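Line order of the protein sequences matches chains R and P. The working numbering puts the first sequence at residues 1 to 194. The working numbering puts the second sequence at residues 1 to 50.
It is worth saying that the hints were derived from the structure and are not from the lab. Treat the hints with care, since some could be wrong.
As the list claims (entries may be wrong) - DEER-style ranges, computed between Cβ atoms:
1) P:18 <-> R:179: 28 to 34 Å
2) P:22 <-> R:40: 47 to 53 Å
3) P:21 <-> R:62: 51 to 57 Å
4) R:18 <-> P:40: 44 to 50 Å
5) R:175 <-> P:43: 47 to 53 Å
6) R:153 <-> P:30: 47 to 53 Å
7) P:31 <-> R:7: 22 to 28 Å
As the list claims (entries may be wrong) - Chain R is faced by these chain P residues, among others (derived, beta-carbon under 8 Å):
8) 16
9) 17
10) 44
Said to hold, decoys possible - Only part of the chain R face toward chain P is listed, based on derived beta-carbon distances under 10 Å:
11) 40
12) 52
13) 60
14) 118
Keep in mind the model is a prediction, meaning the values are calculated, not measured. Note that the Cβ used here is the ideal one computed from N, Cα and C, for glycine as well.
The chain contents come next:
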Amino acid sequence: MNNTKVTDASLVRDYLEGNENALGTLISRHQQRIYSFIYSKVYDKDISEDIFQDTFIKVIRTLKRGKYNEEGKFLPWVMRIAHNLVIDHFRRNKRMPKFDNSGDFNIFSVLSDGNHNAETQIIKEQIESDVQELIKELPEDQLEVLTMRIYKDMSFKEISDRTGVSINTALGRMRYALINLRKIIEKRNLILTN
Amino acid sequence: MGKLYFKKSSKEAKNVQPQPAKETIEFLLNYSKALEVVEYRNMKFETLLN
Numbered sequence: 001m002n003n004t005k006v007t008d009a010s011l012v013r014d015y016l017e018g019n020e021n022a023l024g025t026l027i028s029r030h031q032q033r034i035y036s037f038i039y040s041k042v043y044d045k046d047i048s049e050d051i052f053q054d055t056f057i058k059v060i061r062t063l064k065r066g067k068y069n070e071e072g073k074f075l076p077w078v079m080r081i082a083h084n085l086v087i088d089h090f091r092r093n094k095r096m097p098k099f100d101n102s103g104d105f106n107i108f109s110v111l112s113d114g115n116h117n118a119e120t121q122i123i124k125e126q127i128e129s130d131v132q133e134l135i136k137e138l139p140e141d142q143l144e145v146l147t148m149r150i151y152k153d154m155s156f157k158e159i160s161d162r163t164g165v166s167i168n169t170a171l172g173r174m175r176y177a178l179i180n181l182r183k184i185i186e187k188r189n190l191i192l193t194n
Numbered sequence: 001m002g003k004l005y006f007k008k009s010s011k012e013a014k015n016v017q018p019q020p021a022k023e024t025i026e027f028l029l030n031y032s033k034a035l036e037v038v039e040y041r042n043m044k045f046e047t048l049l050n
């Protein structure tokens, strides 16, 4: 009961002066809110646990290194750290999709070599040649940017240098190229998936 | 049929607020006790005492 009277700022000060119990009070005071916030984003108990732990490891390290300077705003500061770690988590997972082994285990999902069989290979080639025909209907400037980006794998910086327009213009042309391509596909009722 | 609409368990589940595990809290408190930052000139070194 006594904990509620002590402010976060003074608990942080106590902790910085070596009172380890102050950290326990801070954690127990805010754990519910921080953990719920993390859980509401990731919907996974184990991941929430990891992010919660990483959040406070960062808090502890920052405090002990004397880098904390947001006196009186402890909770928003911790929430921001948690928020950033949640974003990191999603970024990492996007880059390296994990193998989800929950549910029934399907050995073929691991053994598949990713190659197309004869049928899908033919369909793929057909789609590619259709798309190559379709893009010829695009305006010259859009066709140029799209070809450089998709077929020559050039960056927008390189495209900008090559074509003599700004990066933003190149991006805009690419955007309109894709929009127009979709319109052409819709107009012709084409299905370009295998 | 009545049982299909009986939602007591889900209400109870809603009341349970998600909490971090006790072990996690214990770990953090122990980590804090073990962590020491040593300052040398302009540099700061972290040491973990077991």
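Hints, one by one, checked against the model:
1. P:18 <-> R:179: 28 to 34 Å: At roughly 43 Å between Cβ atoms, residue 179 of chain R and residue 18 of chain P fall outside 28 to 34 Å, so the hint is violated.
2. P:22 <-> R:40: 47 to 53 Å: 21 Å, violated
3. P:21 <-> R:62: 51 to 57 Å: Given range 51 to 57 Å: violated, Cβ gap about 23 Å.
4. R:18 <-> P:40: 44 to 50 Å: 20 Å, violated
5. R:175 <-> P:43: 47 to 53 Å: 48 Å, holds
6. R:153 <-> P:30: 47 to 53 Å: Once the Cβ atoms are compared, 50 Å apart, the range 47 to 53 Å for residue 30 of chain P and residue 153 of chain R holds.
7. P:31 <-> R:7: 22 to 28 Å: Taking Cβ atoms as reference, residue 31 of chain P and residue 7 of chain R lie about 24 Å apart, which means the hint holds.
8. 16: Violated: closest Cβ of chain R sits about 11 Å from residue 16 of chain P, beyond 8 Å.
9. 17: 6 Å, holds
10. 44: 6 Å, holds
11. 40: Holds. Min distance 9 Å.
12. 52: At 5 Å from the nearest chain P Cβ, residue 52 of chain R passes the 10 Å test, so the hint holds.
13. 60: Result: holds, 5 Å to nearest chain P Cβ.
14. 118: 50 Å, violated
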